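> Fit chain B to the given chain A structure using the hints.
The lines below spell out each chain.
There are 2 protein chains.
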Amino acid sequence: MPLTKNAAKELRALEKKKAREQSGLFVVEGVRLLREAVSSHFTMQTLYYTEGSMDDPETRRLLTEARNRSVDCQQITGRQMGSISGTVQGQGILGVMCQERPPADTLLRPGSEESSIVGLDGVADPGNLGSIIRSADWFGVHGMVLSRNCVDLYNPKVVRSTMGSLFHFPVAVDVDLLPLLSHAKAMGYTVYVTAADGEQHVDRVRFARKSFIVFGSEAWGVSDQVRQLSDVRVAIRRYGLAESLNVGVACGIVLSGLHRMPAD
Amino acid sequence: MPLTKNAAKELRALEKKKAREQSGLFVVEGVRLLREAVSSHFTMQTLYYTEGSMDDPETRRLLTEARNRSVDCQQITGRQMGSISGTVQGQGILGVMCQERPPADTLLRPGSEESSIVGLDGVADPGNLGSIIRSADWFGVHGMVLSRNCVDLYNPKVVRSTMGSLFHFPVAVDVDLLPLLSHAKAMGYTVYVTAADGEQHVDRVRFARKSFIVFGSEAWGVSDQVRQLSDVRVAIRRYGLAESLNVGVACGIVLSGLHRMPAD
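Going line by line, the protein sequences match chains A and B.
Here the first sequence is numbered in this note's numbering, starting from 11 and rising by one per residue.
Here the second sequence is numbered in this note's numbering, starting from 11 and rising by one per residue.
Because the hints were derived from the structure by calculation, they are not lab data.
Since the model is a prediction, treat every value here as computed from it, not as a measurement.
Some hints could be false.
All copies of an identical chain are treated as equivalent in the list; a pair is satisfied when it fits inside any one copy or across any two copies.
Said to hold, decoys possible - Below are the SDA-like pairs computed for lysine to any residue, each with C-alpha atoms no more than 25 angstroms apart in a straight line:
| # | residue 1 | residue 2 |
| --- | --- | --- |
| 1 | K26 | T116 |
| 2 | K27 | E61 |
| 3 | K167 | E68 |
| 4 | K167 | L251 |
| 5 | K167 | S227 |
| 6 | K19 | P189 |
| 7 | K15 | Y249 |
| 8 | K167 | A229 |
| 9 | K15 | G198 |
| 10 | K167 | K195 |
| 11 | K167 | T97 |
| 12 | K28 | A18 |
| 13 | K28 | C108 |
| 14 | K167 | G250 |
| 15 | K167 | E25 |
| 16 | K27 | R71 |
| 17 | K15 | R71 |
| 18 | K28 | T74 |
| 19 | K195 | N165 |
| 20 | K15 | M197 |
| 21 | K167 | E228 |
| 22 | K19 | G40 |
| 23 | K27 | S227 |
This is chain A alone, in the form it adopts within the complex (with noise of 0.2 angstroms):
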């Protein structure tokens, strides 16, 4: 659709987590990522571009490729761009995308033998969650699953940050996670979950075939409850003075294990 000022106003609203629940849509910025939505299962409402954007090779690339997918292509003004581009120094391309909502019980995947999941238990920090997605994605995990409290997925800088890994890795949303473990328990899942006080140290995991790991908040790691559901309390040793680890980089050096040798 053309920019009317009050489109772009509905989109400048997309910064915020309510406009996106709303509309279920979102945005995203950015040559890189745009190449890897528009070529995604994901749907390209509209894309957005400058006339001053075309002096790049890259760009034009991707909207012939956005022409060819018949995404609704729309030239608008570099002010106009301004108005609707949460970004200072964008690169004159805005997609707004529908959001996509996988179901969390199709990711536990019934009839495999092998299966990984993730989830997070109430991860607040968009960073966090763009890198832990992104470091799913290269270990191999299957899918993610998401707490209801944890940051909107679709956060433009959750999105930015998963460095593309959004657009074709799973992550259910809004999931009420103890129901979700209690039923991967009775389909062979092992739970593993990180505590400081675990009683495996990560070196020494080796990680069942089907395993569902949960990492927690920034502030209070995973809930007592998700605790007590929990298999394996997985404890990452310390040997300096700081008081913790990033939840990111323990996530990440958690799944750097899962490919040692399965227990089972």
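Frame of chain A, contents of chain B only:
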């Protein structure tokens, strides 16, 4: 010193690197960080607080501690605090600190049999630098050196994301990495870099007693010259589709292997 209008302007300017460099000062906010700061070897020049902040017992204890250590403590109005604070919902207390700049040479610990140093080659994101310092501190690394083109150590976001490690973990800045690495090698250090095509898998690395581990920038990795000087190139194997790992995550994964049995 009392907070004149001019002084407030100068403090506010400390958000910028140039002003921090010229004055040798930086700003610390948040009660927890300030508690670490006040009991560290760093010099706190002034502690500004509002009347309201004294409602919190932790803040009162902090103020007492600061006075015991002869820090200049100044009560200011909420409005004045707003004019110097960089955070939207501050706790009404802010410290002005003197920067420390340990020389890189002293970190190499000439007399020591065991030593691990982390070098950063152009890490640009403040959150990444902060979380790397935190990880290095957690895993008992002895010190860190930053190349000239890294983000400023005293950037408020870096300070915050070190979660206090900044105040006891030694970091040398503005370091010319190449001569330092040559020097370290002459002293018996083994130099490690991470590289996508590294010949040693991270799980199999046994770090030498004297290890110098270099991580590269978010965009380019380590520079060619650093790579050529390195003894071991470490790879973190990919099992999924993500293009890369966040540098802070990669660093955490590598450092988590630091305390496996040494190679020599």
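> All the hints need checking, so say for each whether the structure fits it.
For each hint, the structure was consulted:
1. K26 / T116: Neither. Shortest intra-copy (28 angstroms) and inter-copy (49 angstroms) distances fail the 25 angstroms Cα cut-off.
2. K27 / E61: Neither. Shortest intra-copy (30 angstroms) and inter-copy (35 angstroms) distances fail the 25 angstroms Cα cut-off.
3. K167 / E68: Within one copy, since 23 angstroms is at most 25 angstroms while 33 angstroms is not.
4. K167 / L251: For K167 and L251, the Cα distance is within 25 angstroms only across copies (20 angstroms; inside one copy 30 angstroms).
5. K167 / S227: both (18 angstroms within a copy, 20 angstroms between copies)
6. K19 / P189: This pair counts as neither: shortest intra-copy Cα distance 40 angstroms, inter-copy 54 angstroms.
7. K15 / Y249: Classified as neither; 57 angstroms inside a copy, 46 angstroms across copies.
8. K167 / A229: both (20 angstroms within a copy, 18 angstroms between copies)
9. K15 / G198: neither (54 angstroms within a copy, 66 angstroms between copies)
10. K167 / K195: neither (33 angstroms within a copy, 40 angstroms between copies)
11. K167 / T97: So K167 and T97 pass the 25 angstroms test inside a copy (10 angstroms) and across (18 angstroms) alike.
12. K28 / A18: So K28 and A18 pass the 25 angstroms test inside one copy only (17 angstroms; across, 37 angstroms).
13. K28 / C108: within (15 angstroms within a copy, 43 angstroms between copies)
14. K167 / G250: Between copies only: 22 angstroms across, 31 angstroms inside.
15. K167 / E25: Both. Shortest intra-copy (10 angstroms) and inter-copy (22 angstroms) distances satisfy the 25 angstroms Cα cut-off.
16. K27 / R71: Neither: 31 angstroms inside a copy, 38 angstroms across copies.
17. K15 / R71: The answer is neither: 28 angstroms in one copy and 53 angstroms across copies each exceed 25 angstroms.
18. K28 / T74: neither (33 angstroms within a copy, 43 angstroms between copies)
19. K195 / N165: neither (31 angstroms within a copy, 45 angstroms between copies)
20. K15 / M197: Result: close neither inside a copy nor across copies, 52 angstroms intra and 66 angstroms inter.
21. K167 / E228: both (17 angstroms within a copy, 16 angstroms between copies)
22. K19 / G40: Close inside one copy (20 angstroms), not across copies (35 angstroms); limit 25 angstroms.
23. K27 / S227: within (19 angstroms within a copy, 32 angstroms between copies)
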